[in-house]
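Using the sequences and the hints, build the whole thing.
In the order they appear, the protein sequences are chains F and R.
If you want my numbering, it's the position in the first sequence, counting the first as 1, plus 347.
If you want my numbering, it's the position in the second sequence, counting the first as 1, plus 330.
None of these hints come from the bench; they were simulated from the model.
Predicted model only: the values in this text are computed from it and were never measured.
From the three backbone atoms N, C-alpha and C, an ideal C-beta is built for every residue, glycine too.
Possibly wrong hints are sitting among the right ones.
[As the list claims (entries may be wrong)] Example chain R residues on the side facing chain F (calculated, C-beta under 7 angstroms, incomplete): (1) Met517; (2) Thr520; (3) Thr521; (4) Gly522; (5) Ala523; (6) Pro535; (7) Arg603; (8) Ala604; (9) Trp612.
[To be verified] Straight line, CA to CA, 20 angstroms or less: simulated SDA-like cross-link-like pairs of lysine to any residue: (10) Lys454/F <-> Pro535/R; (11) Lys470/F <-> Pro535/R; (12) Lys520/F <-> Ser559/F; (13) Lys470/F <-> Ser615/R; (14) Lys395/R <-> Tyr578/R; (15) Lys520/F <-> Ala448/F; (16) Lys470/F <-> Arg607/R; (17) Lys454/F <-> Met510/F; (18) Lys408/F <-> Lys454/F; (19) Lys470/F <-> Tyr578/R; (20) Lys408/F <-> Arg519/R; (21) Lys408/F <-> Pro535/R; (22) Lys466/F <-> Arg611/R.
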Amino acid sequence: MTAALRTQTGVLVEQVVRRFGDRVVLDHLDLTIDDDELVVLLGPSGCGKSTLLRLLAGLDKPDGGRIEVPTKRAIVFQGDRLLPWQRVLRNVTLGLRGPDADDRARKALAEVNLAGCEKAWPKQLSGGEAQRVALARALVSEPELVLLDEPFAALDAITRLRMHDLVRALRRKHHASMLLVTHDVDEAIALADRIVVMNNGRIGDAHTVVLSPADREASVAREELRAALLSDLGLASQH
Amino acid sequence: MALLVPPAPAAALARPRDVFLPGDFQRHSRLDTLRRRLRWPLGVYTTPVAILIVWEFLARAGVLKPTYAPAPSDILSTTVQLWRDGILGPDLAISLQRAGIGLAIGLAVGIVAGVLGGFLRTGEYVFNGVAQIFNTIPLLAVLPLFVVWFGIDELTKVLLIAFGAGVPMYLNLFAAIRGVDQRLIEMARTTGAGSWRIVSRVLLPGALPGFLVGLRFSLAYSILGLVAAETVNADEGLGFLITTAQTYLQTNKVFVGLVIYSILGLLADQLVRALERVLLRWRPSYEAV
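In structure tokens form, the structure reads like this:
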């Protein structure tokens with residue numbers, strides 16, 4: 348039965364359990380992400396979103412169940428996590444091997460609109476620039492799965508909107524499964540192919556988003572989706 | 331235009347306000363410029379130079395007796411005299427040689443042990459307890475023991491300096507490697523960097539600030555060890571110079587030795603500062619006002 352479900356690409360999570368002491372954070376959770384699909388995992392803080400992401404990244408092991416992910420994967424963390432003692436270019440080449448590493452890193456930096464910043468020290472970058480370097484560092488290895496852990500949460504609203512545009516542009520060039528963890532409903536609507544809401548350690552409702560970029564900004568469908576998501580999160584009474 | 335200017339009510343005057351202007355916008359009087367130039371004209375050396383001037387003045391005025399503290403000019407002329415007599419040169423050379431060899435041994439052992447202890451749990455268990463015990467043993471207290479063990483020759487002196495230099499290097503390097511931000515190591519692992527990459531690009535550069543702190547202590551303690559070692563059965567070296575001068579109450583010669591020790595300390599500090607400037611450029615540091 349499991350053999351039929353198994354995918355060659357993307358992500359497959361089956362009945363995964365993760366406990367911290369007595370507290371069950373992930374309770375027989377199931378999730379699949381298709382090839383080239385961007386899934387947004389939405390939930391209040393402390394609901395286990397980051398725990399799931401760390402499991403997918405292989406930074407942590409599940410207490411039960413099964414997880415299958417591509418070997419070529421990359422993470423963008425909430426903080427930029429740049430090495431302060433390496434210049435931008437060397438930060439991007441951290442996981443690369445081979446003589447063309449520098450060229451690939453330059454190209455990745457150009458993709459996130461940071462051409463010319465190769466020689467800068469991380470301390471000279473703004474928050475948005477540093478996070479773009481982190482994005483370039485993740486994408487430079489051409490991963491099949493990109494995990495984004497509230498990557499734009501620490502950025503200001505204007506920078507965040509620019510980052511959303513950038514993510515959309517990058518998705519046209521890089522074909523990878525993506526899982527974006529966030530607690531921001533608007534961010535979820537702006538970027539997702541599918542939004543899954545996490546509740547009590549499980550994936551609750553899923554919403555497939557088939558809206559044009561313009562409709563994601565403002566439309567009746569968008570408002571309906573937003574209301575549905577808020578209701579899933581238990582915030583419906585406020586609207 | 332006049333309409334755009336709000337009327338200034340009398341109440342507004344009572345509330346204090348700050349006005350910020352570009353730095354060079356403020357007019358400087360000639361006095362200001364002069365004062366700025368006079369303020370710390372020699373940087374960190376201002377205080378030592380000021381003390382020397384006061385000292386010289388007091389000595390010339392006869393407040394300080396030459397047997398207590400000879401004038402700096404006297405110390406300088408004694409230094410020149412000793413150099414010309416061919417006493418100071420060889421003494422200094424042998425002292426520097428001892429310090430150099432001792433430091434090299436101490437740093438080599440401290441760095442190797444520190445790296446092993448920092449990276450490997452086994453290394454930690456092997457070295458850490460011993461280093462912590464050594465750390466609390468004063469140099470001067472082990473000196474008699476070293477004399478019994480290693481005799482009264484060069485070996486004791488070199489080993490004492492190595493002991494003084496090795497222990498702080500180990501402790502600082504160990505703490506620095508263990509103190510590298512765990513989140514950065516985790517991030518490096520997720521990029522697919524291999525172990526060697528993580529060591530060379532994350533752990534070692536991350537431990538560099540702590541390494542330089544260790545180096546600073548090692549240099550200082552090696553000079554301390556040098557002083558202690560050279561008081562034992564030395565027939566040449568700076569310590570010997572001081573001990574003999576002390577015997578004959580030649581205070582000016584004692585001061586020559588002290589001055590040279592302090593200059594060695596100053597040079598060591600400058601060396602580490604230069605290394606910090608080059609190696610720690612990446613670090614956003616506090617610029618004192």
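Original post:
Which earlier hints can't be squared with this structure?
Top reply: Those not satisfied are hints 7, 8, 10, 18, 19, 21.
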